[in-house]
Amino acid sequence: MDMNENKTNEKVEETRLPDTKEGKLVKALIGKAPYAEGSVRRERRVEFHVPAERIHDFLELASETFEMLMQISVVDWLKEGEFEVVYQLWSVSEGVHAFVRTRIPREDAKLPTVMDIWPVAETYEREAHEFFGIIFKGNPRLGPFLLEPREYEKHPLRKDFNMLSYVKAIYGDDFDRYDESKTNYVI
Amino acid sequence: MTNPEVPKELREEAKGHDMYLHPIAKDTYELFFGPQHMATENFSIILKMDGNRVEKAIVNPGFLHRGFEKLAEQRPYFTNIALLLRICVPESDVPENIYSMAVDEIVGWEVPERAVWIRTTVLEMARLSAWMFWIMGFGNEIGLYTAGQWAAAYRERFMRLFEELTGGRVYHIYTVPGGVRRDIPGDRWLRQLRDTVEYIKSKMKDFDEILFDNYITFERTEGVGVMDRRFALKHAVTGPNLRATGVPYDVRKDDPYYLYPELDFEVPVLKEGDSLARVLVRRYEMEQDLYILEQLLDMGPPSGPYMVQDARLKALPRFKPPKGDAYAHVESTKGDFGAYVVSNGTHKPYRVHVRGPSQSHGVTVLEELLKGARLADVPVILKTLDNCPPDIDR
Numbered sequence: 001m002d003m004n005e006n007k008t009n010e011k012v013e014e015t016r017l018p019d020t021k022e023g024k025l026v027k028a029l030i031g032k033a034p035y036a037e038g039s040v041r042r043e044r045r046v047e048f049h050v051p052a053e054r055i056h057d058f059l060e061l062a063s064e065t066f067e068m069l070m071q072i073s074v075v076d077w078l079k080e081g082e083f084e085v086v087y088q089l090w091s092v093s094e095g096v097h098a099f100v101r102t103r104i105p106r107e108d109a110k111l112p113t114v115m116d117i118w119p120v121a122e123t124y125e126r127e128a129h130e131f132f133g134i135i136f137k138g139n140p141r142l143g144p145f146l147l148e149p150r151e152y153e154k155h156p157l158r159k160d161f162n163m164l165s166y167v168k169a170i171y172g173d174d175f176d177r178y179d180e181s182k183t184n185y186v187i
Numbered sequence: 001m002t003n004p005e006v007p008k009e010l011r012e013e014a015k016g017h018d019m020y021l022h023p024i025a026k027d028t029y030e031l032f033f034g035p036q037h038m039a040t041e042n043f044s045i046i047l048k049m050d051g052n053r054v055e056k057a058i059v060n061p062g063f064l065h066r067g068f069e070k071l072a073e074q075r076p077y078f079t080n081i082a083l084l085l086r087i088c089v090p091e092s093d094v095p096e097n098i099y100s101m102a103v104d105e106i107v108g109w110e111v112p113e114r115a116v117w118i119r120t121t122v123l124e125m126a127r128l129s130a131w132m133f134w135i136m137g138f139g140n141e142i143g144l145y146t147a148g149q150w151a152a153a154y155r156e157r158f159m160r161l162f163e164e165l166t167g168g169r170v171y172h173i174y175t176v177p178g179g180v181r182r183d184i185p186g187d188r189w190l191r192q193l194r195d196t197v198e199y200i201k202s203k204m205k206d207f208d209e210i211l212f213d214n215y216i217t218f219e220r221t222e223g224v225g226v227m228d229r230r231f232a233l234k235h236a237v238t239g240p241n242l243r244a245t246g247v248p249y250d251v252r253k254d255d256p257y258y259l260y261p262e263l264d265f266e267v268p269v270l271k272e273g274d275s276l277a278r279v280l281v282r283r284y285e286m287e288q289d290l291y292i293l294e295q296l297l298d299m300g301p302p303s304g305p306y307m308v309q310d311a312r313l314k315a316l317p318r319f320k321p322p323k324g325d326a327y328a329h330v331e332s333t334k335g336d337f338g339a340y341v342v343s344n345g346t347h348k349p350y351r352v353h354v355r356g357p358s359q360s361h362g363v364t365v366l367e368e369l370l371k372g373a374r375l376a377d378v379p380v381i382l383k384t385l386d387n388c389p390p391d392i393d394r
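So the protein sequences, as listed, match chains A and B. For the record, in the first sequence the residue sitting at position 46 is 46 according to this note's numbering, with numbers rising by one throughout. For the record, in the second sequence the residue sitting at position 110 is 110 according to this note's numbering, with numbers rising by one throughout.
Be aware that one or more of the hints could be misleading.
Derived coverage of chain B by chain A (criterion: at least 3 residues anywhere in the stretch with Cβ under 8 Å from a Cβ of chain A; other residues may be distant) [what the hints assert, rightly or not]:
hint, region
1, 131 to 144
2, 200 to 213
3, 231 to 243
4, 261 to 271
5, 338 to 347
6, 357 to 367
Okay, derived cross-link-like pairs now, BS3-like style, lysine-lysine, Cα gap no bigger than 30 Å in a straight line [to be verified]:
hint, chain 1, residue 1, chain 2, residue 2
7, A, K154, A, K27
8, A, K79, B, K348
9, A, K168, A, K137
10, B, K323, A, K110
11, A, K79, B, K271
12, A, K137, B, K320
13, B, K70, B, K323
14, B, K203, B, K234
15, A, K27, B, K234
16, B, K70, A, K182
17, B, K348, A, K154
18, B, K48, B, K371
19, A, K154, B, K323
20, A, K24, B, K323
21, B, K56, A, K32
22, B, K323, B, K348
23, B, K323, B, K56
24, B, K70, A, K79
25, A, K137, B, K253
26, A, K168, B, K70
27, B, K48, A, K24
28, A, K137, B, K48
29, B, K70, A, K154
30, A, K137, B, K56
31, B, K56, A, K27
32, B, K234, B, K201
33, B, K234, A, K110
34, A, K79, A, K182
35, B, K70, A, K110
36, B, K348, A, K182
37, B, K348, A, K110
38, B, K271, B, K205
39, B, K271, A, K159
40, B, K371, B, K234
Keep in mind that the hints were calculated from the coordinates and are not lab data. Backbone N, C-alpha and C fix where the C-beta goes; we use that ideal spot for every residue, glycine too.
Next comes chain A alone, as it looks inside the complex:
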């Protein structure tokens, strides 16, 4: 695990990459995109850290090797005040999975859409928008998707969303959701 490692020294970077197909793949991609940091996690798993303002350029380059965008995962790091957006890519030709990580501030969560590279990103971005409130500039279909319209803009997968109080407010009168001793409200 080297999630929090911030070594920008290129020489260190190069010596750390192993002489495998994963190492060569990372090296080739980093050579084209010097703003990104890359590492090999294990066999068939590579990882890139990319600044948010260059994410579209990087993914466009990466899409030549990594043909499929499997998912866009968002992790809410509440203490740091940041969202970590992880683009999960898969290369059919090489058989390698890539995590492309970028971090954006929670208050001003905006990213460019990657619909033009992978049309399937539309669905992933709609989901990330609904659950976390990230705005993907250029995606025309952001809005209520899986949740009910009244739940839109509550962003329930954010860490500061209080699930208990929400359930109590919505369903409190309709359902008995107290435990056996009738003291604690449970989900």
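Add chain B to chain A, keeping to what the hints say.
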């Protein structure tokens, strides 16, 4: 609005018969397809129709959203198994396995050999019972009900085997991080499994005659819902749907896990990319799965423990993996099923994100393939994509 095609002299006669003045084929209208419709399974599509043709389709999921990813953040690692398996109803072992694989990788556990054998066998059994479930749905959609009823009966055999192994019929709560929850009941169970495999193998000929080599199937599926290789890759189409467009991508071969590197099986590929190709790829895969199960039974379960030996497992609710994250995926009958698990060192996962294959098959791909389709082809396209709404909603 009058129809210009009705000649002037006939207009007077047509008065009072609105269907002649406003033939339905000339009007566009909105049709709500589902969630009550059998083919859609808790999921609905808003179709903009021009006569019998779909002009535009807007997928409307969310009927099954139960907030599993949020709930998983509130519960200990081992409790989550009973929750996450509900993400895939016909093949509930898949979410169990991807979550367990990801947690195994974060902790760094080497799963014992016996548990690996059991997990592989359970996954293949789940695949076969999911194929039976799919035949049931697909057969019903094209009007071949007999095949569906047979398949439902054969699925029951697997359900009984699962019940004896795990205690559950549909939801097994069996694969846990570090191994499996219980050992194999005994040699009798293995004999029963072999009997079931042989029985279904003998019945494949019947399925061919009534469903896969049937004129009706060919008429209903050939040239319907065509996609090409480039479209499939850009839309993250996986599983049999991708292999029907000529891409030989199978997680069991390309990112091997469990015992699959040691097993001998082929990845069937067809090039046409239409509904018929998707149906036939599934037919060939059923044969391969039966062959894999036979090999596993010939191999026999290795002796040894079925759970990893770790002192931390004595206090399960307070079990804490180290900080880290992992992505694990397996090949399900629907496609590439993946899970991304993030641990921050506490006894609950910090984030669990599941990648269901229907997130692409059931939303963007479906909307594209339905454009221009006949209304009667909508269920055929839905079923040949093997769309499973619970993994869109989660």
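Output the numbers, in ascending order, of every earlier hint that fails for this structure. The structure conflicts with hints 1, 2, 4, 7, 9, 11, 12, 14, 21, 23, 25, 27, 31, 32, 34 and 39, although it agrees with all the remaining ones.
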